[in-house]
Amino acid sequence: MHGEYKVPGGKLVAVDLEVDGSSDPAVLTAVRLSGDFFLEPDEALGVIDTALTGLPASTGTGELQRTVTEALEKAELSGEIAGPVAMVGFDARAVAVAVRRALGLATTWQDHTFEVLRPGPLPPRTLAALDQVLTEELAAGRRGPTLRFWDWDERAVFIGSFQSYRNEIDEAGVVEHDVTVVRRISGGGAMFMEAGNCVTFSLVVPGSLVDGMSFEQSYAFLDAWVLGALGELGVEAYFSGMNDVASPGGKLAGSAQKRLAGGAVLHHMTMAYDIDADKMMQVLRIGREKMSDKGTRSANKRVDPLRSQTGLARDEVVEAFAAYFADRHRTEASDLRAAELERAEDLVRTKFDTAEWIHRVP
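Counting from 1, position 100 in the sequence shown corresponds to residue 100 in UniProt numbering; the numbering is continuous, with no gaps.
Don't take each hint at face value.
[What the hints assert, rightly or not] Ranges of calculated distance between the beta carbons of each label pair, as one might list FRET restraints:
no.	residue 1	residue 2	range
1	G46	E4	12 to 22 Å
2	D315	T53	27 to 37 Å
3	V361	G241	17 to 27 Å
[What the hints assert, rightly or not] With a straight-line cut-off of 30 Å between C-alpha atoms, the simulated DSBU-like cross-links for lysine-lysine are:
no.	residue 1	residue 2
4	K6	K251
5	K6	K74
6	K351	K6
7	K258	K351
8	K11	K74
Derived by calculation from the structure, the hints in this document are not laboratory data.
The model shown is predicted, which means the values in this text are computed figures rather than measured ones.
Cβ atoms here follow ideal geometry from the backbone N, Cα and C, with glycine treated the same way.
Kindly produce the complete structure, drawing on both the sequences and the hints.
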């Protein structure tokens, strides 16, 4: 069995191994680490191989990482190797991920074909319900990984699963501007979304794609392609904090996640294309606070990082993102199934459109 892991900004780590299924539990045998990394002293390579050999094949990424780290520390302290140990271009976690990939328990982008869904405008609460439906479908094995681009016609505010309604929402502004308030199943912050003023996508992937990653690491991993797409559009972008993407001109986007018990991961991002900041501040209390911190009080102020920095229409931006993703990953165009849309509409009636859900955190 062979597994590889390319460290972001670092080196390639490869692991070859066998599994002895005659024991209970099955254990790793003949473990051999290799790659274009740098490791000192030379004897440390054998220490890592020996430490991993004999471990249960079901050992998780965290325990594999700890085993490698502790084995190297013990060998250095005992004088088995002439320390200090230097791992350049990789680390113990990279070794652990390569082992999990060799076992087929962790996957790469190249292991999957992504179904790209562009169903056209849908009501905001249906969009939120589809996040739950498509994630559950992947967990149940009825659909593969998906990339879904959102479109909508109504004015809406999407708030995070754990946000307080009264702390986020100004009810008078909601009524005045006929805003639909939607509570997502994922965490994160609120977003004011008029038709055509944001670019939003949902990515549903198996947990194996982010195996062993913390939430922070998985955000950067799943959004790396977005930074590449922005770069091709001439936008200088970088990660800011745990789940935001920014440019020298300010925040561009925010991401949110939800992981289901069945092993599926929902990851979505909303990018500001051309937002009416005055209207946003009348609807979002927190938005008002954030904008006032920046000294923004002028009438008809707009937050338009994607429009102003790309010079492209929103549809052109979406097309560019879809093309960039398809150039780098296996994709196939797909459609929502009738049963999926029916399930989403049922969830709107029984969950997303109910006061119990919308106000579940008052």
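Hint check:
1. G46 - E4: 12 to 22 Å: 20 Å, holds
2. D315 - T53: 27 to 37 Å: At 55 Å between Cβs, range violated.
3. V361 - G241: 17 to 27 Å: 22 Å, holds
4. K6 - K251: Since the Cα atoms of K6 and K251 sit roughly 29 Å apart, the hinted pair holds (cutoff 30 Å).
5. K6 - K74: 27 Å, holds
6. K351 - K6: Violated: K351 and K6 sit about 42 Å apart, past 30 Å.
7. K258 - K351: 17 Å, holds
8. K11 - K74: The hint holds at about 25 Å.
The earlier numbered hints that this structure contradicts are 2, 6.
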